[in-house]
Amino acid sequence: MSHELRGSSAVVGVGLAGCGEAHGRMPLDILAEATHNALDDAGLKLSDVDGIFTGSSYHFMPALSTAEYLGIKPRFSDSSMVGGSSFVAHTLNAAMAIKTGQCDVALICYGSNQRTAGGKLATMSEQQIYEAPYKPRYPISSYALAAARHMHQYGTTREQMADVAVAARQWAQLNPAAFARDDLTRQDVLNSRMISDPLSLLDCCLVTDGGGAVIMVSSERAKDFPNKPVYVLGTGTAHWHRQITQMPDLTTTAAVDAGKRAFAMAGLTKDDVDVVELYDAFTINTILFLEDLGFCAKGEGGAFVENGNIAPGGSLPVNTNGGGLSCVHPGMYGIFILIEAIQQLRGGCGERQVENPEVALVNGNGGVLSSQVTTILGTEAVL
Amino acid sequence: MSATKERFSGPGPDQIYSDFLRKDVFSLPQCKDCHEFHFFPRVVCPHCGGFNLEWKTLSGKGEIYSTTTIRRKPERGGNYNVCHVTLEEGPRLMSRVDGVDSLDVKIGDQVTAVINKDGDDPFIVFVPAQGV
Ligand SMILES: [Zn+2]
Numbered sequence: 001m002s003h004e005l006r007g008s009s010a011v012v013g014v015g016l017a018g019c020g021e022a023h024g025r026m027p028l029d030i031l032a033e034a035t036h037n038a039l040d041d042a043g044l045k046l047s048d049v050d051g052i053f054t055g056s057s058y059h060f061m062p063a064l065s066t067a068e069y070l071g072i073k074p075r076f077s078d079s080s081m082v083g084g085s086s087f088v089a090h091t092l093n094a095a096m097a098i099k100t101g102q103c104d105v106a107l108i109c110y111g112s113n114q115r116t117a118g119g120k121l122a123t124m125s126e127q128q129i130y131e132a133p134y135k136p137r138y139p140i141s142s143y144a145l146a147a148a149r150h151m152h153q154y155g156t157t158r159e160q161m162a163d164v165a166v167a168a169r170q171w172a173q174l175n176p177a178a179f180a181r182d183d184l185t186r187q188d189v190l191n192s193r194m195i196s197d198p199l200s201l202l203d204c205c206l207v208t209d210g211g212g213a214v215i216m217v218s219s220e221r222a223k224d225f226p227n228k229p230v231y232v233l234g235t236g237t238a239h240w241h242r243q244i245t246q247m248p249d250l251t252t253t254a255a256v257d258a259g260k261r262a263f264a265m266a267g268l269t270k271d272d273v274d275v276v277e278l279y280d281a282f283t284i285n286t287i288l289f290l291e292d293l294g295f296c297a298k299g300e301g302g303a304f305v306e307n308g309n310i311a312p313g314g315s316l317p318v319n320t321n322g323g324g325l326s327c328v329h330p331g332m333y334g335i336f337i338l339i340e341a342i343q344q345l346r347g348g349c350g351e352r353q354v355e356n357p358e359v360a361l362v363n364g365n366g367g368v369l370s371s372q373v374t375t376i377l378g379t380e381a382v383l
Numbered sequence: 001m002s003a004t005k006e007r008f009s010g011p012g013p014d015q016i017y018s019d020f021l022r023k024d025v026f027s028l029p030q031c032k033d034c035h036e037f038h039f040f041p042r043v044v045c046p047h048c049g050g051f052n053l054e055w056k057t058l059s060g061k062g063e064i065y066s067t068t069t070i071r072r073k074p075e076r077g078g079n080y081n082v083c084h085v086t087l088e089e090g091p092r093l094m095s096r097v098d099g100v101d102s103l104d105v106k107i108g109d110q111v112t113a114v115i116n117k118d119g120d121d122p123f124i125v126f127v128p129a130q131g132v
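For the protein sequence lines, the chains are B and C, in the order given.
When you line the first sequence up against the numbering used here, it's residues 1 to 383, in that order.
When you line the second sequence up against the numbering used here, it's residues 1 to 132, in that order.
A hint or two may mislead.
[Stated by the list, open to error] Pulled a few chain B residues facing chain C out of the computed Cβ check, cut under 7 Å: (1) 130; (2) 137; (3) 196; (4) 245.
[As the list claims (entries may be wrong)] Straight-line C-alpha distance at most 20 Å; calculated SDA-like pairs for lysine to any residue: (5) C/23 / B/133; (6) B/135 / C/115; (7) C/73 / B/194; (8) B/135 / C/73; (9) B/99 / B/2; (10) C/106 / B/249; (11) C/106 / B/155; (12) B/135 / C/118; (13) B/135 / C/18; (14) C/61 / C/98; (15) C/61 / C/24; (16) C/56 / C/24; (17) B/228 / B/134; (18) C/106 / B/153; (19) B/135 / C/122; (20) C/73 / B/134; (21) B/135 / C/100; (22) B/135 / C/114; (23) C/56 / C/125; (24) B/135 / C/74.
Keep in mind that the hints were calculated from the coordinates and are not lab data.
Every residue gets a Cβ at the ideal spot worked out from N, C-alpha and C, and that includes glycine.
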């Protein structure tokens, strides 16, 4: 018997705003524009929204600040904070809230002006007192330590990591909305300035502004909306650590558990997946998550991403918007992978459109490889 | 209101850890139930959930589990090392290796703990192990 949450709710609207640079605008201005676009897309009004799901690096009580700004009085609110994976996790919480009648119209939303506000990662994070004396650079040093260990243990190379960045760029070149669309070669990545060995500048995600919004309703209602519904088939969450030193094995993330949980709820396997959207804060992420989600064996991620295998025309379409590496990355990126997966399943992604996808997998990452949240979305064909 | 049990009375593990370092002792809690050490120090064993812990002095021997060189311009202090060290007793901690160019620090290198007391709060750094 299938899980009671499987396909119980669906996305009926998505919106983006301010991706790239949004000069002179505050995070909630950008969030509100994305919300406007998502409501427009769904044919709904703000007054229809009775559930809010949000996260922020700017607001200590993000659901309160966001609802106040939007002028809504939600029946149900959730600002569960698991870093950049929060918005992917919100799909599970929204599905539960809708299923149990806590809300009818769920708004998942985010906005950030990280780039035009100066490029620094805004954070309300507490200092990690057992790491602070060593002055690691956040978050890159944590990912660099994971990459170095993966290279040592499995022979993964900088060239293979560079190919992740090149594949992302090739997808971005098919996406007019992507921020970085110039030609990029493996050699360009290898030659870019080293920041924290073995990660160089072009192994790192962009710093942009941007906002996103997703509207979810029950599947019973979903067919009454203008767009083809995209069903939430399964979501799994997992976290094993907060600080990088507490990660049990630097080469294996909690996406192992998150992925299993999501697939179990969806009643699907990796062979059913047509398009994959992974949180690529750094090139090593894509390799780790492809392994941990079962698309290749542990240690074989480097070989899997080589020579265009995840690029346009490769065997598995990964990060089809251009990813955090080349499309958009305003502090917390999770909502953008969710939106790209939904847009792919609806069709109409232009040059970057994957051919008739029915199942999309999204994996959000939060903290320093800490929180992993996998969501599997599908069209009516797989409901 | 229940009285504080003896094992929770007095200073907490972070203060005990720092007090040991000030006395030139590198010590961590070991679980009396599963015998595992843990870092960072807590009042509960993260391996088994046991609350019966005792402080033990460590050998100071460790091995580089992973390492990165943070690149910085010479005029801003130059490159420096950040690494993860697995202690002989099991736990892993963030640290750095002193006395050697960071780019020469390799995974698998044997290292020895040194207590750095340059600042207000002492902390552990490592140097290459002698005679290996
Ligand atoms: Zn124990």
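Straight-line Cα separation of residue 73 of chain C and residue 134 of chain B no greater than 20 Å? holds (17 Å)
Please work out if residue 106 of chain C and residue 153 of chain B have their alpha carbons no farther apart than 20 Å. Roughly 13 Å separates the two Cα atoms, so the pair holds.
Given the hinted pair residue 23 of chain C and residue 133 of chain B, is their alpha-carbon gap at most 20 Å? This hinted pair holds, its Cα atoms lying about 19 Å apart.
Pairwise hint evaluation, residue 98 of chain C against residue 61 of chain C, where the allowed Cα distance is 20 Å at most: Holds, at about 15 Å.
For the pair supplied as a hint, residue 135 of chain B and residue 18 of chain C, confirm whether the alpha-carbon distance does not exceed 20 Å. holds (19 Å)
Residue 228 of chain B and residue 134 of chain B: Cα distance at most 20 Å? violated (51 Å)
Restraint check for residue 135 of chain B with residue 115 of chain C, where alpha carbons must lie at most 20 Å apart: Judged against 20 Å, a Cα distance of about 17 Å means the pair holds.
Given the hinted pair residue 135 of chain B and residue 122 of chain C, is their alpha-carbon gap at most 20 Å? This hinted pair holds, its Cα atoms lying about 15 Å apart.
For the pair supplied as a hint, residue 135 of chain B and residue 118 of chain C, is the alpha-carbon distance within the 20 Å limit? holds (15 Å)
For residue 56 of chain C and residue 125 of chain C, compute the direct alpha-carbon distance and say whether it is at most 20 Å. Status holds; Cα separation ~19 Å.
Grab the minimum C-beta distance from residue 196 of chain B to chain C and call the hint holds if it beats 7 Å, violated otherwise. Since the shortest Cβ distance to chain C is 5 Å, the answer is holds.
Residue 135 of chain B paired with residue 73 of chain C [C-alpha distance capped at 20 Å]: Distance of about 15 Å is within 20 Å: holds.
Consistency with the previously given hints fails for number 17 only.
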